[in-house]
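The listed protein sequences correspond, in order, to chains A and B. Residue numbering for the first sequence is 1 to 836, as defined by our numbering. Residue numbering for the second sequence is 837 to 954, as defined by our numbering.
Watch out, some of these pointers could steer you wrong.
[To be verified] Capping the alpha-carbon separation at 25 Å, the derived lysine to aspartate or glutamate pairs in DMTMM-like fashion look like this: (1) A/Lys720 / A/Asp644; (2) A/Lys574 / A/Glu540; (3) A/Lys574 / A/Asp653; (4) A/Lys519 / A/Glu543; (5) A/Lys574 / B/Asp914; (6) A/Lys574 / B/Asp915.
Just so you know, the hints here were simulated from the structure itself, not pulled from any lab data.
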Amino acid sequence: MTDRDPDFSDRVTRLERVWANLPGLGTLAAVNHTTVGLRFMVTGAAFFLVGGLLAMLMRTQLALPEQDIISPEIYGQLFTMHGTVMMFLFAIPILEGLGLYMIPKLIGARDLVFPRISAFGYYCYLFGGLIILSSLFLGIAPDAGWFMYTPLSGEEFSPGPGSDFWLLGITFVEISAMAAGIELTVSILRERANGMSLSRMPLFCWYILAMALMIVFGFPPLILASVLLEVERAAGLPFFDVAGGGDPVLWQHLFWLFGHPEVYIIFLPAAGIVSTLIPVFAQRPIVGYRWIVLSIILTGFISFGLWVHHMFTVGIPLLAQAFFSVASMLVAVPTGIQIFAWLATLWTGRVIFSLPMLWIFGFLVVFVGGGLTGVMLALVPFNWQVHDTHFVVAHLHYVLVGGMLFPLMAGLYYWLPLLTGRMPSESLGRLGFWLFFIGFNATFLLMHLTGLRGMPRRVYSYEAGLGWDWLNLLSSVGGFILAAGVAVIIIDVILHLRYGRRAPRNPWRADTLEWALDKPPPTYNFVSLPTFRTRHPLWEHPELPESIASGQHALAGAEHDRRETYGSDAVTGKVREVFHLPSNSWLPLLAALSLAVVCVALLVRTYDVALVGVVAAAVFLLRWGWVNGAHPGMAPLSNDEPTDPPLHSRTTDGPGLWGMVVTLMANGTLYLCLIFGWVYLWTVAPEWVFPEDPRLPLSGMLVSGGLLVIAALLQHRAAKRLAAGNAAGLQARLWQAAGLGAAHFAVLLWLTLEAPLEPTGNSHDAVLLMLLIYLLFHGALAALLTAMQALRVARGYIGVRLPYEPVVLRPLWIYTTGIFWLGVVIFILLPAGWAP
Amino acid sequence: MRHRAVHPAHLVLGLVVWAVWFVAMYGGLSVACAVAPPPVADGALTWVNGLLLLLTAFTAAALLYAAWRCWLAARAEDDVSGDARSRFIPVVSATVHLSAAMAVLAIGVPTIVLPPCP
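Chain A with its partners taken away, still in its complex shape:
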């Protein structure tokens, strides 16, 4: 590296300048994945410590019978916040952060495809997390449990703002999860290095792809449920109130539709760490690559078919319980496949028992234990017996800590040299592991017995002499040993920053591409982008680090003074485009700040301030959309543009289109959940009634829908003609589509305002109103974005050489039209023809 020719040094200097974060406070405008991923992980770790502190307070209270160190009210807040912080503010975000940080480095890219969305997601997570946490310090934290069952979490039984903090804060945080889900899905599919076909993709990427898609489909049910419950609490619309025609069990369905897949959203990336580390330390390729891919896909799907096993005691028909019971046992099969593949790899390899492998060993022991009790809980009669006891608490900690935290710690020790360039202390690390492992098992192995002896969860105290005393005491002692282990690990990590020995280039002799990077990695990752011919690039081509750093591969430098990386075919990995990526931007921070204002304003119910926040957020987000494509701040048209491959904004199939489709998949899931809620209440809620007169005139809906169809057809035709190279009349067509879309919106708004709805009086009208708001939002959005594109045509940002943006918007029009007519059929025609 010392003998670089001056030309090449200039190119690297230019690359560094183009990819650098702004100095000082300007670093808050950073969008590159290395910075954002690290922020996610550090913030997640901080929340972990908060969640751990809450756990220790609970263990202190339960150590001896009949203690009154903590009041029942505070205890309720502690267990609710412990679960909430650990699940929503630690486990998911830290794994998202790991994915955001690692994926481009593993697939040979310089950044993720939507860097501003990552940064936006981080700030939503940070602000949402701080808002939720603030309730604890104000003494008004939610206390209805981390799954917030209604009616306990409703206005009647939780009248304070605690539940609102949870509902609004979690919804805010979930924006970040959705952002990461969309970002990671599109990045893994469309941004892999040249030649990295699906069959050559590192297993970690398969796991993260599954996680990302599970987020896309798994989170919308909870987002909908949170919105409905918050609307019920704030405005009195009775979605979960039996007297008003709602049903509290609907909350359970929506929550667990999210909640069970979430366990696997957490487990899969952690299993990805295991599948990455075991071959490295066994010094051989993993056994059964295809089998592991199969098991990832199976887990991703089957885990969505288990949610009712959390509800076996609410009164569901036996046959339905049997479906979920069998599905719950089936999901153990793909997990078993992975475990056998890992064991076979270790069995046939030459295992090096270094520090990360210690944590993998801990994972195998603890997670298999948790998996076995999971199969026990899948059996309905056993589930009934131990429901809501400490046995369930022990099981979930074995699964979540075993299945997520142990692999995460293995990953921390494995990738720490990459992050910091220094090696951790082997002796301190081993001490930390053993304290953690012994403390964990002392706490939770015994808790199985406490549960089998009948101790219910969520009690702040218990009488002496029930057979629970010594078990609780030992569990608490174990908890403190575990906490000591965490403290040792923290000390180790802090000390290694100063005293750790310098890490060699590839300290574990790993096979994956991240170890070809400098340590710590530069923000652009690779000076030049290599071509792949193997699953094990560094084992088969150990010279790669040098050839990448010396610019011997593609796209060396930053020739056009903009951030660029390759875009590739989703299946073959063959390069198709050059993705130009946004640089530092304040817009993500400003948009997230505006949404934080909305969140806080809704909490204190100052709706005019919330409206200001919404408008501000919309302005920032539209500005964000404006600085795209051929905008001077992005990639303006020039005469020396790359053509082979071309810039993505000069094509009709860039990452924006994929992002739009994945976003609509999430959106469609939310809409299907709304339909599910409608049908569920219709068929199950005892007080559900259909009004005698129809709420919406069919003729009016037909007019509104007709306008929408014509608008969508116009937009479709404009996009199609432009893609074929014909821009004649483009701007007029887009204005026409926007105008007709606005007319559709106006008619629908008029119908909504004129409808004799009584949304606070019955759940029928309440759900119908939510549908109308949903349709209005989409109609307005499609019209607004099309109008913006018409303006962009005038500015020269869309045209024959720039056909991309209308193609990206087309799926939104199709979706908006689809949900409108589906809504008409399900919410108007079906009841008219079928209801009594």
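Given the coordinates of chain A, assemble chain B onto it according to the supplied hints.
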């Protein structure tokens, strides 16, 4: 000519079918029990169980057929390219379809023995 069953959509198609089947089973059972529950005394010999079993058998058969088509595609791919890696998608797809069929049969078995609504 490349076989249609090598399309990457097959990597998930079998389990999408499984998911739709699963929702139809649970949703259909719930609606049937809400609208026209059969007498409890009939045990498992009811029209609801019959329909659910038929749906299960049809879905499993379709998935097994899809698995076989993907397997044939994998063999054809091997003959065309001679590269084991090009078999990756059809082979994994075949096992996904097969696994989905097994899942359908396993989850559908209780309809033979359990009454639908109590």
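Does the structure keep A/Lys519 and A/Glu543 at a Cα separation of 25 Å or less? Judged against 25 Å, a Cα distance of about 17 Å means the pair holds.
Straight-line Cα separation of A/Lys574 and B/Asp915 no greater than 25 Å? This hinted pair holds, its Cα atoms lying about 23 Å apart.
Within a Cα-Cα threshold of 25 Å, do A/Lys720 and A/Asp644 meet the stated pairing? 23 Å, holds
Keeping to a limit of 25 Å between CA atoms, is the pair of A/Lys574 and B/Asp914 held or broken? Roughly 21 Å between the alpha carbons, so the hint for A/Lys574 and B/Asp914 holds.
Hint check: A/Lys574 vs A/Glu540, CA-CA at most 25 Å. Holds or violated? 20 Å, holds
Given hint A/Asp653 paired with A/Lys574 - CA-CA distance at most 25 Å: Holds, at about 14 Å.
Checked against the numbered hints given earlier, the structure satisfies every one of them.
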